[in-house]
Each structure stands twice: as structure tokens, then as C-alpha cells.
Amino acid sequence: MSTTTVEPVATHPKHVSPLPSATIRFAGDSGDGMQITADQFTRTSALLGNDIATFPDYPAEIRAPRGTLAGVSAMQVHFSSDEIFTPGDALDALVVMNPAALKTNLRDLRKGGILIANQDNFQKGDLDLAGYDSDPLQSQVLEDQYQLFKVSMTKIVREVCKDTGLGTKEIDRCKNFFALGLVYWLYGRDLEPTLRFVRDKFATKPEIVEANTRALQAGWNYGETTDAFASSYKIEPAKLPPGTYKTVMGNQALALGVLAAAKLSGKELFLGSYPITPASSILEDLSKFRNFGVKTFQAEDEIAAVTSTIGAAYGGAMAITTSSGPGIALKGEGIGLAIMLELPMLVINVQRGGPSTGLPTKTEQADLFQAVIGRNGESPMPVIACRSPAECFDAALEAWRIAVRFMTPVMLLSDGYIANGSEPWLIPDFNKLPKIPVHHPGPSESGEQFLPYQRDEVLARPWAIPGTKGLMHRIGGLEKQDVTGNVNYEPENHEHMVKTRAKKVENVALEIPLQEVDGPEAGDLLVLSWGGTYGACRTATEACREDGLKVAHAHLRWLHPFPRNLGDILKKYKKVLIPELNTGQLRTLVRAKFLIDAQGYNKVQGRPFAVQELINEIRKQLGMATAPPKKENAQIAELAGTAADAG
Amino acid sequence: MSTTTVEPVATHPKHVSPLPSATIRFAGDSGDGMQITADQFTRTSALLGNDIATFPDYPAEIRAPRGTLAGVSAMQVHFSSDEIFTPGDALDALVVMNPAALKTNLRDLRKGGILIANQDNFQKGDLDLAGYDSDPLQSQVLEDQYQLFKVSMTKIVREVCKDTGLGTKEIDRCKNFFALGLVYWLYGRDLEPTLRFVRDKFATKPEIVEANTRALQAGWNYGETTDAFASSYKIEPAKLPPGTYKTVMGNQALALGVLAAAKLSGKELFLGSYPITPASSILEDLSKFRNFGVKTFQAEDEIAAVTSTIGAAYGGAMAITTSSGPGIALKGEGIGLAIMLELPMLVINVQRGGPSTGLPTKTEQADLFQAVIGRNGESPMPVIACRSPAECFDAALEAWRIAVRFMTPVMLLSDGYIANGSEPWLIPDFNKLPKIPVHHPGPSESGEQFLPYQRDEVLARPWAIPGTKGLMHRIGGLEKQDVTGNVNYEPENHEHMVKTRAKKVENVALEIPLQEVDGPEAGDLLVLSWGGTYGACRTATEACREDGLKVAHAHLRWLHPFPRNLGDILKKYKKVLIPELNTGQLRTLVRAKFLIDAQGYNKVQGRPFAVQELINEIRKQLGMATAPPKKENAQIAELAGTAADAG
Amino acid sequence: MPTEAPTLTPADFASDQDVRWCPGCGDYSILAQMKKVLPQIGVPREKIVFVSGIGCSSRFPYYMNTYGMHSIHGRAPAIATGLKAVRPDLQVWVVTGDGDGLSIGGNHLLHCIRRNVDLKILLFNNRIYGLTKGQYSPTTPLGQVNKTAVMGVIDNPLNPLSIAIGAEASFVARSIDVNIKHLGEILKRAANHKGTAFVEIFQNCNVFNDGAWDYASKKETKFDTVVELEHGKPLIFGKNRDKGIRLNGTEPEIVELGKGIKEDDLLFHDEKSPTATLAYLLSRMQYPAMPTPIGVFRAVDAPKYDVELGKQVEAAKAKKGEGDLNALFNSGDTWTVA
Amino acid sequence: MPTEAPTLTPADFASDQDVRWCPGCGDYSILAQMKKVLPQIGVPREKIVFVSGIGCSSRFPYYMNTYGMHSIHGRAPAIATGLKAVRPDLQVWVVTGDGDGLSIGGNHLLHCIRRNVDLKILLFNNRIYGLTKGQYSPTTPLGQVNKTAVMGVIDNPLNPLSIAIGAEASFVARSIDVNIKHLGEILKRAANHKGTAFVEIFQNCNVFNDGAWDYASKKETKFDTVVELEHGKPLIFGKNRDKGIRLNGTEPEIVELGKGIKEDDLLFHDEKSPTATLAYLLSRMQYPAMPTPIGVFRAVDAPKYDVELGKQVEAAKAKKGEGDLNALFNSGDTWTVA
Ligand SMILES: Cc1ncc(C[n+]2csc(CCOP(=O)(O)OP(=O)(O)O)c2C)c(N)n1
Ligand SMILES: Cc1ncc(C[n+]2csc(CCOP(=O)(O)OP(=O)(O)O)c2C)c(N)n1
Ligand code: SF4
Ligand code: SF4
Ligand SMILES: [Mg+2]
Ligand SMILES: [Mg+2]
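These protein sequence lines are chains A, B, C and D, in that order. Just so we're aligned, residue 1 is where the first sequence starts under the working numbering, counting upward by one. Just so we're aligned, residue 1 is where the second sequence starts under the working numbering, counting upward by one. Just so we're aligned, residue 1 is where the third sequence starts under the working numbering, counting upward by one. Just so we're aligned, residue 1 is where the fourth sequence starts under the working numbering, counting upward by one.
Just so you know, these hints were derived from the structure itself, not from any lab. Take these hints with a grain of salt, some might be off.
[Claimed, not checked] List time: in silico SDA-like cross-link candidates among lysine to any residue, alpha-carbon distance up to 20 Å:
1. D:K320 / A:F430
2. A:K593 / B:G567
3. D:K272 / C:N248
4. A:K246 / D:D333
5. D:K272 / C:E253
6. C:K319 / C:A338
[Unchecked claim] Not close to chain B: a few residues of chain D, all C-beta gaps over 12 Å, as computed:
7. P10
8. D18
9. G74
10. G106
11. L131
12. K133
13. K147
14. A338
It should be emphasised that the depicted structure is a prediction, and the values quoted were computed from it without experimental measurement. Glycine included, each C-beta is placed from N, C-alpha and C at the ideal position.
Start from the sequences and build out the full structure, keeping to the hints where you can.
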């Protein structure tokens, strides 16, 4: 049903039903400001104390004409009174600002879920752009399958804002705040944080503040006053560990992490990088931190990015380079040099869908092989992976700690899901973070030749930096004699050096924590995961244990080398299941090393795992009945169309 | 003992002892023409019907001052009356033209072997350059351990050539032919082929012909007349399959192979390449074949090399690119594009010692990981490896056959050992070689959109080339919809395409021969090898079987996919041993796929396996006594020094 | 051969894919001109190939109903070189951006130009990385604040034409997305040049670098900020064509016409001058110090790599005869085992 | 800081590694000059870094008793840029070859030069790939027959100086391996320039391209084939200094002095001319058509990337104060859980 009423009508207060958690999604045209809307909802919910996890769905890297399927932009928010680890599977509520948004998002709304549509944008032209020949909002099936609310957002907003002195174009830009206000009402959120945000953001434009305020309020009133909505919901604050929080996206946390690592090791931070989706924002964030002594260098290409990083590392800075799959491919030769030079640096790969240019805006875990063994010659390097947006911070510190301890480049893997997803971060006290010790040999008057490849107990070589009197030395990419570092072609020396470089990297296992396991120490099934699938795997395994299954979960942080105790752990379970967003790369490495028949659960769709998918697979592995795949209502399928149209 | 006599003295004919085979090495300064000398010996022996295998030891890529250890150049020749597969282990005879050559090569001479030294080059200055403080030729231990012959080559040659009208400098350049003549006598070879070579080569310089002729003759006379040599040796012709032969080096055979492949598929050959050791000579050879329609493009770098190759493949040529490890690393992104475009091309990697610049002139097998899985994203491609110099020809044909059949880039692996080694090649009749079928869809008038990703039964797509009317289409590196090839971001389509590309490459297994095994069908041990270690593994396993061991040998030509029957074969042996010139790359792939506890025997010294090393390892694996490692005579060690000096 | 061509219309050159640039993007106008010009060139569609790298500009091939490849970032010139080397019969266009062509692809562009491969290279210069959403490019002016230059760009920008001229270019031109008549003419000139035709096109990215070229495209200013080069003609500009460029040693200077200064005193343009010094000098003229020249800076004939390569093949065949593999196999020392 | 320096001798700059170039290689003479010049520059050894790529020329760092890196093929300018960005206190030299610097490394060279990073880049131009044994390079003349150009080179060569000038170089010079006095002076000029100092050195590869520069190095010919540039002086050459270069429009021409032509009629060299047109013009002069110029073509002051980067850091600190991580962590919307 629809209406244009806006005057608050005094009504009996509506019923409020409590919920443990909810997953909602705002979807509209790229121009509709859906990201900001969801962002506001996220912050407000966070301030309210819910645990939250969000995941955006930007349009692919191309721009698309307004109202088309390709132009749809959406953002999902999962908020809860318990600790949560994923942005949620099926949607409890979906807001669509136009037909294209309906078509590309409907499929994810659970049966009986709330569907709010701005019916004013369902005109003939809009329907055509989305490829509907008739108005889906009129189709009975939507009414039957979901709680459908057709709202004349445009009309109402124009109405309430007509005398703000803004033109229609500007007024229409406030639609999203109407939707936000309505959803705030639906989940009993306070308007104040957003009003504050609006006041700050548009401090100089009072009429814009006014219009947005009215729109937000009108949305709230709409829920409160019209009898469209029978009841609203309440999600209690979560019991998070005490402390101060803020929501962070993965790339943002990575930027903060490397910055902190630099300070903790008393180093200047150098970033040599070439922009690439989805890694660019790390470069963009760090370039804001000049006053922290951060030097960002936007190189002419990825090869210059990694080699300038090598130069900066030789100079004694904390040097890092960031990219994604195709860019990392280009860095391969340079990384080989860094391995030969045995200089500390971080190579950060925010993975995306491949191969080649592939799916730049989608997530994937298919660069693990490339990270661990994707170079010419025997060129071992430690590989670590982030598991969630906030954890990127810790992973960065850990990666740099190992890099300087062992004098080696370290590959740090993230992915598009982590990079753009967000969750609350328990803000640490910088002064309480452990320092990262770095030693540079001091000046020498001895006049003796300095020995750049003389190693310590873990086989690390000294980090002697130019400018240090008496330590002049030359390094390079040709095989070198151990200790002296002089060019050397001796057969035995080469084998010795190959083994030494490998052993050094193996030694990393001595300084990383033993692998921990959630759930039974032994049992029927161990889920072994890495990277961004942490949340889904953890949630799924916990759910299975609640169903009484003997399922444990081990999440790897270090992919190379593996924790010392991993082999023993794997032996303790009848089955090992390795879910990955690739065709089985970790599985291959685990099978080769431990000769166990690890099973894979693999999805290569540019999308994260749904928790339910994992639960089903785990049950299948244990030979148990699985929830029948919710077979799709044919008519819905009709209306939903396929993402293919989103070209 | 030494002498300057040259006049043939009539003597009773000397005793001739028959030998099944012998391994000799000529070693001297880079300027001494050792390669030519050995080359002549090789050709002569080949013409005489021996089976042969040679391996050079060039100085590292740097030039070094005359007479220094770094400047030593050597070439080894193994010739036999039986079929042979390696250049031989320990030397039966060693010719050294100066002290540096003695120092860097002595270690490889077997106890009791023949050592011929040009004593005129053992003056104080020469000794200093080689780091000897006293003349090693005077040391008793050489006399005891070897059959030492000190010959005044320089003096004799100057003597016999004095009236040729040449200056001393030019005359001295004939020394090597004296050495050659002497060795010809020693093994009863005919001088004529070399004399013919000299006459042709210096047709315009009669005095040079004269001088070389005299030097060669003098060497022969020296053996025949002086009582220094008690007896000479005779190696009967080998029973090789009938036909016409010539000796080829690996890179030469590769060049001939790709040229033949192009003609057999009715294609113009395009090579996009950037010079790099040890692959450069393929580019150099092919650039001689313009009259065969070969177009070689020396690109500005490896990225342009591989991408120009992609362009040429799109244009419908047989397009290939050649490089070595570091260059292949740079091609990784481009190869990913080729995989996405599904265009046929060959990427040839002549492996060298790594990582990074590593050991450019030495051999290694450490780029297998890079070839099979060293790219970003899920980017499968077939990988084939050559096994010996002559076999490079067949491998090239096979690689191209698969590339066009499956519309995929194929990685062909060779190595420095194969590239520079040589052996007899049974010359095929080009007209009898099987054609390589290629189909290009013809012009279309239908006006319908052409479907570039419509696949055939093995999942290959059509190779439609620009210029064909009605087939205009666009391809690119973004994920594409199957059949239409249009850009597509649909999750299910991506997974479908990832699986399709993988399945297509798996299908290659349907069109390659089943794996064959030498030796028992089942038994105690299977040696599984790939690439350039073929000869050593085959020789070692045959030797073990002659000793009654139940040892079989399987040599893989295709590394990805594996032959369909490999899994079954592996199961039939108690143990599987995988010898590799790396730290165990094939072993890792085999363990991961077949979950068998394959053992590795690994050597990473920039040098091929010695047959004896493998025999020892096999016996060790079977728990049998192994020939005690010949412990080195301390004094010899003294004199031999280490290759380290060869920096 | 150009049988089919004459009958073609711009629509015939449109592919079935919908164009996905931002509304208002300068790329649209370039695409429109290309579709307009190609039917006039008279090369059949199947003989035309568009090769691009990655970037908004590099989407171009998808929208043309010809052969095309949307390749990887920066490599289009190298891909096109390989293609042209084996298929001299094709007309090959390279579409690239200021990032694709000058940043990651700089080396290929350089070598393609110096080899004078017969390619038409269009560099859409919007002085920004559009596709990746607003990082600076090698042509972004010093001091500009953007996503990756929060305190302003400190990387001294490149001048695409100076680079091309420094790299021995045989054809160098510049036009402007919205100056459609001029753009059409330049595209035609490029299409008809034999050898590498390098064309810089000022293109507006209205989302991430809007107005970068306003001075040259807005009619209020363009007459005083832009000078149109015409072969054999003096350099005159200004709304009333009352200003000219005069040479002072090796430096150009602006002069007022009249007041004793005649056209003959002005610098006359010569596309074909013996060395490229004049072209280089013109490439250095830039607003605001000088009016920015558009048009053809240089157009000379020079050996083309692809053509020379073909000639070597012909010459070799003429000299040695079509290669005979059996003869090659059996050359050198051979021996026979019975 | 240069306390130690004055007392140093060339020998102090020799490393303990034996030099491994072919006897007679031009590299020896360049190495000798470098060792001779550095003590005069007065920078302590530990403050000097030599970075090279791969090639015979790139062995250079091994022979200098300073800090050094023999890196990978073509990447030295990028490595040096990273090093200099974080260590402006160091004097960083890049040694590269015509293949290393102009072929695989062309893009890095280009961007390093346009950013004007404070590096001294020496390009040893022997017009061949020496280390890999004789394939042609981007500076090998057309038609030359060699390992990979069996029928002669068809890749039109690059002119290193034209490229550098096209890439906005602030310092461009040329010298000759065997012209040791001149070479020494040029090295000194490069060392003292602030910003990228690009120096092409004609170097003889006596093994794979012997005599490539004979015309310019042999005393029988050099006076008539080479003209030495001197700032503010006219271009005069010839054994009896009786020939000069005069400007004709934008084209240089050779004239005989006397016969009514005075020095003042000649082209006067100006390293600092407002635009680089003169430098470009000079870079186009080549034997045999013209005498080949050696010396400093251009030397102007311009902002240096590494310096500007440092300034931004200082400015940011001055404006916002030294970054405080706790403040940064706690910025934006935060909430507290008790
Ligand atoms: C190897 C690689 N590096 C980086 C990228 C990311 N990327 C895509 S386009 C682009 C720059 C686009 O700028 P430009 O060439 O000017 O094209 P425009 O979008 O401005 O038309 C970048 C950095 C990539 N796709 N591949
Ligand atoms: C990535 C890579 N590609 C190719 C090579 C092989 N390579 C080494 S040096 C060189 C060219 C050397 O020529 P130049 O730079 O002119 O130096 P020169 O030896 O002539 O002094 C080449 C092609 C390599 N080492 N690495
Ligand atoms: S981002 Fe800029 S260049 Fe790209 S399509 Fe949009 S307007 Fe055009
Ligand atoms: S090959 Fe040429 S450049 Fe290299 S060291 Fe020898 S002479 Fe010098
Ligand atoms: Mg751009
Ligand atoms: Mg060179």
C-alpha cells in the first residue's frame, strides 16, 4: 500500500518485538547514496552497542548509466546482540530505491523478509532500464512471499522539503535519508547520531541540513504513524569486551597497522605502490599520513613499486608495497631479488577475482600458490593472511615483526571481502603495544671488510644501511658466497645458499604461535581455513557444535611456514575439510606436506561463503541430512533475473 | 716427460686396446678455442659412428682476464659403441692448456685417468693467475694418481709452423689443434674430417689452413712417435637405428622443432623474445630463417615479448616466446591474459639457476612450480618438458599440437644442460612428419553475432582471425560469458568459466600418450623423473637392473596434466623416488595429487646429476650397500682448489 | 578490397554492447567521431582491429563492431606490434589513456613509436586515472590535490607529445574531445598516415577531473588559449585572429599582428621540417604561458618496422629461395648409419 | 661531513673484487675516471651508493668501495628512487647500459628523469648487448648485422639524449670513455648537479661492437666529427677550429669561419635556455650529417621529487604536528563498551 501522508498522527504506540540480530541491505542506483545510508546505519548501530559486520556490493569498475542494472550499488549490514563474524547470509530486510536494485538484490531476501521499495521510481522508464515489462511491485507473488511495503519516498520527501529553498534535484538527493529514517524506526534506532553527522558535514549549508533532517524524520514518522508497519524490532547491545571501538574496513586497518608497525620499530614508513582495485585505498589512506613521516610513492608501474620498495628497504626504512593479483604477478621478479638480497619488506596482496584482469571488484583467494611458490627458482618467503577487517591491524604488525627478525620479504594476503567489509575494532593503546626490535650494525673503524651475509642463530643476516661508516658493501641478485656476500658460482655454495634461504624461512615457525583449535581436540571433522573465510567457517562450525556435531575449526594465519603443530592437529580428526574461495590451493599444499586426504569445499564466484553453505557441506561430509537447498520460487526467479545482466 | 721432437720417427706400431666408451674433456682459457676443439672431436667421432653426448662448461657470463680461473672454458665429450644418454661422469682423459684449467677440472678426472698438459703454459705468471705457488706438474701426486703427460705444445707448434708466414700470435692459436691431433691419435680417430673443416673455414687464408694442418698432424705424430704413449684406444661404432644423423644442441633442436611445427600446421612462425642466457640462441637461430617466413621480434623487454606474441597469436600466426626464469616471471601477467583469451601459443623456458639473477650459465629445474601454478588467479595451462638435446625437436611439435588443439598457451620447459649439450639427432624426413591440423572459421554472411567462446567436444573455442568477414568480435582479460565472450560478472558464470578453463586443460590428458615405464611393471622402486635428468636416470636405472635390482623408470613428458595412468603406475611400486635438480617441486605436485610418500633426491648445484650419484641413492633407498663415496686425495684437493675461485 | 566500405554508416560500426561510460564523459564524443570517420576511410570492418589496455578509455574496443582486444594494463602497443608484424594487411588502432599509455605502458609506447610500427595510437588524456577512481596520472599538473596526492602532486608531469617526438615519432598530433570537427579531421589524418600515428586527445573526465581542459574547450576562452596548426601557414590565434607566434632564436614569443608586424614575420608551420626541432618547440608551447597548439605537429614518411620485416622475408626468399626444411635438417656435418 | 674525504685517493675507492671486464673494454676507463673524480667531490665513501641493473656496465658497483647494489635488469632507476626518497642524505649513482637503461628499463628511466629525482645516471652506450654476447640494442644503428639481426637491424634506434630531453630532464650531458679529461669534468658536473643528472657515455665494446665510436674517439677524425659544447660559447669545431654551427630557422647548419662569417653569427650554447628546444636541437646533431656534440647540453634547476617529498613531510608536521597514533586511532566515530 502507499500514501503521501507525513503529518505525525497520534497513534497508540506500536508493538516492539525483540530480535537477537538482523541483516539488512540498502540497494539503489550508484547515485542514490546507498553507501552513506548504510554507513550511517552501521555507525548508529555500533554506537548503540551492537556487534556489526558490513559488506558492500559496488558496481563493477565501469560506470553505468543511471537506473541500469550495472549501476546498482548496495550495502549490507549485519547487526547483533551477540558476537558476529560475517555480514550475514539471507536478508531480513531489503530497501530498494529502483527496479534495477530490486532485480539484482531480491534473490538474497529471505522468505517472509521485509521489502521496502520507493514506488515513485517504478515508472515505465525505470522498468525498461531494469528490463521489466511490467511493474514487479504489482505482482502478487511479492506480496505473498515477503512483507512488501511500497512507499512514495520521492513524493513525500518533495512534500516535506518543498519550502527548504532547495531545488527538486537537491531535494530528491534526500530520499535515501527518508529510507534511513524508516529503517531506524523499524529497528528502534536513535536519529541523533545521523543528525549530528549531517550538521557537521553540511555546516555551511543550513538548507541541506534542514532538508536531510526533515527527510530522516519523515521516514521515521512514516513507520511510526502509518499503519503500514504493525511492529518494530529491538536488538539489544552486544556484550563486547570493554574498551573503545570504531568501525574499520580492512584496508583502513591495514594502513593503520603498517603505520603502527613502523612506529613500533622506530622506522620511517615507505610505500611504493601503483593503484589497483581493490588495493588502492591503502595507498590513498597512507598518503594522508605525511605528518607521521609516511612517504608514499605512486610508482609508474608495479615493477617500479616493488623495486623502489627494495631501494627503500636497503636504505633502512620500513618499506612496503601493495597491489592485487595482476600487479603481484608483475612484482614476481622483484620479489625474487628481495629474497636474494635478504632485505625486510612487506608485499601486500589484496586478492581479487582472476585470472588476468578477471573480476576486479569481486573477492577471491586464488593467489595463494602465487604467494607461496609462484616465482622462478627456489625462492621461499613467509606468507601470512588476514582473516577479517579489524584483524588486518594485528596481521600487519605480525608480518613486519617477522620480516625484520628474519631479514626477509613477507607476503601478506588480504582480499576484496576483507578490504571493503567493516566491523568494530577494539582500539588499542599505542603505548601498550609491544615494540618491534630492529638492529642495525654501527660504524666500524676496523678497516676490515664488512660481512653482509654473516648470519645469526635464526640465519638472519645483518641489516647494515648506507651511511654507516666502515660497512660499505655490495649486494646483488647473482648467487653469493655465504658470509662475504661476494658473487660466487661454486656448486656446493649454491646448494648451501638455497638450503640456507629455505631453512631461514622454515625458522619462522619457531617464532610464531602454535596453531589453536576451536572445538574438540579430536573428533569427526576439522575445518581448516585461511584468510577471509574465517568468519563464515567459525560461525558455521559453532552452529554445528551447537547441533552436537564433533566439529572443530582451525584457522591458519601463517600459510608459509605452517605452525609446527599443524601436522599433529590434522591427524586427530577423522576428516579434514578445507573450504576455500579457489579450486583448492591450500588443500594442495596441505596434502603435499602431510599426505592426508583433506577434502575441499570450493566456491569461485567472486563472493564469500554463506554460513549455511558451510553448514550444509559439513553435515554432508558427516553423512547427515542437510537443509534442502531452498528451491527458488519460479516467479521470484523471474523478477530477480540474473546478475549476468549486470555485465 | 717432455720433448720438442716432431719428425715422424719410424717405430713399431703401438698397441691398441679396445674400449666400450670414453669420456674426455678439453679445458683451457676462453681464448684457447676449447669449444671448437671438442666440437671437432665430437663431429669426427659422430662420423665414425659412435654415439655421443657432450656438455660444455662456459665461464660465467662475465669475461675474465686471460689465464684466470674465471676465464676457464671447458667441454666434455662422451663417446661410445653403445647407446648413451649422458655426457658421462668421471673423466677418462683430461686435456688442460694452462694451470687455471688444471685447477678447475682436475677433480673430475678418474683415478688412473689420462692427464695431458701444455707445460709451456705453466710459467710463473700462469701459476700466479691460477693461484698456485709451485708448479703442480712437478708434484709427485699427479704422476702417482694419473697418467700424466707434460707436452710442450706451444714450442712444438711454433717449431712446425715457423715457416708458414704467420706471426707467433697466430701460430699460438693453433695449439688447440695440436692437442686435438694428439687425442685423435689416442682414440684412433681420422684427421680428415677436421682437415676438411679447416680447408672450408679458412678457404681464403691458405697459410692458416697450413698452420692448423701442421699442428693437427704434429699432435697425431707426437702420440704415434714419442714413446710417451704406450698404447692407444679404439671405440667401435655404436649400433644406432639406421638413418642420417647430425649432432644438435638443445636450443638448436628447439628452433628446428618450432620451425617444423609452423610448417606442419601451415602457419607463419612469429617469435617475440628478449635475449637472456641460456635462451638467447633460440632467438639467434630463428632470426636466420627469414626465408622460411620466420618473423623474429626482439622486444624491448619480456613483457613486450609475451604480449607481442599474444598479438601475433590473435592474428593467426604460430606465435611463441622464449626466455629463462627471471624473464618468465615478468611474463606471468601476460600468460594470464593468454589463458583468459584462450589463444594458442608456446612459452618456452630454458631454465637456469635461481632465484633472481642466480646462476645464469648453470642449469636447474627450479621453475616447475612457476610453470604449473605460478600465476595469479586460477590460471591453468599445459606444461611439457624436453628431456634431451635431440628430443627438443619432438617436444616442440607435441607442444604446438596440443596448443592448437585446445586453444591454449603451452609452457615448454628446457634447461641450460639440454640447451648447450649435444647428441646425435636422427634426421626425420619432413614430408613424413604428421601434419598439425588447424582450423579457422571462415567468413560469414549471416549477419549474426559470432560466438567466440562456443566450444567443441574438448572445450576448445574457435580460432577466428581478424580479416575474416562477418566474424568481428572482441576479447579481453575481464571474465567473460561462455559462448558469447561478452564481459560478465555473474557469480555462477565465473565459477563455470574457472572450471571450464581447468577442465579444458585436464582434457589434454585425453590426447597425450599413456605413461610408459622402463623395467619391471611392478617392483621395489620406481624412479620418476622429468626434463633434463632423463639420461642420468635412465642410465642409472638400467645399471641397477643389470645388478638385478627391481627398479623401474618412468620419465614424464607432460607435467600438467599428468598422463591418465600415472596414478596406477605409482601404486605398483613399494617406493617412488623423484630425483630433481631443485628442492622437490615435482615431488610436491605428485604427493598432493596422489597422496603417496614419494621420496626426493635433490641436487641444487647448477650441475646435472652424475649417474653414480643416482645409483648410490637408489641402492640406499633399497637399503643396500653403496659404493663408498670416493674420498678425495688430500693433495689432489690441494691442487684442485674449488670452483669458488671461479667467482 | 574496400568494396563493402562505401555503403557503411556510423551505426554499422557500433557493437551490440551498451556503452558504460559515465554520462557526460568525453569518451562518448571520441567514440562518435570514430564511428563517423571510419566509413569514410573505406577499410572494411573485418580489416580493422582496436587494441586497448585497461582504463575507462580502454573500454573503447567493446563498442566498435570491428575486431578488438581489451588487453592488460599498458601493453596494447606491444600486442598491436605483434599483430601488425604478422598481419600488415590489417588497420590496427591502439586506444590508451594517460595512465595506461604513459605510466605503466610508457616503455612499449616509446619503442612502438621509435620502430614506427604502422599503428594509429590514440591517447585519451584526461590527466587522471579514471577507472580506478581518481588517482593522479603522469599528466596531472603539479600541485593538484587528489586521492593519492593529498598534499598536491610533486611528480613533474610528462608532455605526451614531447615524449613521442623525443622517441623519433613520424606522426604527432593533438585534438580535443569536444572539438568534433577538428577531431574528425585528425582521426582521418592518423588513419591515412603510414607508420605510427600518435594522437593526444584532450578528454574530459567529468567525474574525477572535471574541467581539466576547459581553457581549451570552452568557447569563451579557446580562441585565445589554443592555436590551430596548419601546414605551411603562420601561427595565428585570438578571437579576431590578431595574435601570432614569432620565433626569437629557438624560443617562440607572442606578438600582436598589425603594429608593424606582418604575417610573414611569424613562425610558419611545417609538418615535414627536416628535423623534429620545430615539432618539439611547438610541443613545449602550453597555456597559460603560450597558446596550446592543436593539429598535426609532424607528419613525415619513415621506414615502418612491420613493412621492413616483411621485406626481409621477401628478400631472403628471393635470395635463398623459399626455405626447404629437409635441406635445412640435412645441412652441416651429417652421417648415415645403414 | 666530508671530513674523511679530502684525504682519500682513487685507490680508496677500489673494492677488493677483481675487475672482470674484457681486456680493452671501455668500461675500465670510465671506472678509472670515477675513482679519480670521487675523492675530489668530497662526499665520504659511506655516503655514496652505486645502483645498477644487469649488463657488463652494471658490474660497476662491485668495483667501487662504496655501498652498492647490482640489482635486476632495467630497474636501477626505480630502486634508486626508493632509496633516495628515504635517504636524501646519500649521493646515489645509477650505472646502466643502452639495453638495461633504454630497452627493458626505458620506463623507469623516463619517470625518474621527469620526477627529477636527485640521482646521477650514467648510461654506458656501446650500442650492443655485451653481457649476453652481441644482440642489438635500442641504440644499434639501422642495418647493422649482428647475432639477432642477421639481415640487419630494422628497429629505428633511439637517441638517448632526445629521450631524456623529451622527458623533461634538468641535466643532460654526453662524453666519451677514452676522452678522459672531458669525461672527468662531466662526471664532476653530474655529481654536483641537484636533480637527475643524465649522462650518456660513448663506450667501446671491443668484443661485440668494436669501433662503434671510432669516429668520435680516434684523434685522426674526432676534431671534425665532434663539437664540444661550452656554455655561452659559439659552436666551433674542426682541427683548426675553422668550422662552426649556425642556426637557420630551427635547423642547424655547418659554416666555414672567415669568408665573411664571424663567430657572432654562430649558434651560441646556452645550458640554461628557457625551454629545452636548444638542447633538443643539439641532440639531433649527429655524425656524419653534423658533428656530434659532447659536453653539457642542458643544466637547469628544477624541483626534485625526493626533496619535495621531504618538504611535504615537514610541512605536514608543522601544520598538524608530529603524528600521534592514539589520536589517529581514536579519531572519527568511536564508542565505548564498559
Ligand atoms: C597490472 C595492473 N595494474 C593496475 C591496474 C589498475 N588500473 C586499471 S586502469 C588504471 C589506470 C587508468 O588510467 P588511464 O589509463 O588514464 O585511463 P582512464 O581510466 O583515465 O581512461 C589502473 C591503475 C590494472 N588493471 N592492472
Ligand atoms: C629480466 C632479464 N631479462 C634479460 C636478461 C639478460 N640480459 C642481461 S644483461 C642484458 C643486456 C645488456 O646490455 P646493456 O644493458 O647494453 O649492457 P652491456 O652489457 O652492453 O654493458 C640482457 C638482455 C636478464 N638478466 N634479466
Ligand atoms: S570516470 Fe571519468 S573517464 Fe571514466 S567514464 Fe567516468 S567520466 Fe569518463
Ligand atoms: S663484452 Fe664488451 S662491454 Fe662487456 S666487458 Fe667485454 S668488451 Fe666490455
Ligand atoms: Mg586517464
Ligand atoms: Mg650495451
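- Provide an ascending list of the numbers of those earlier hints which the structure does not satisfy. 6, 8, 9, 10, 11, 12, 13
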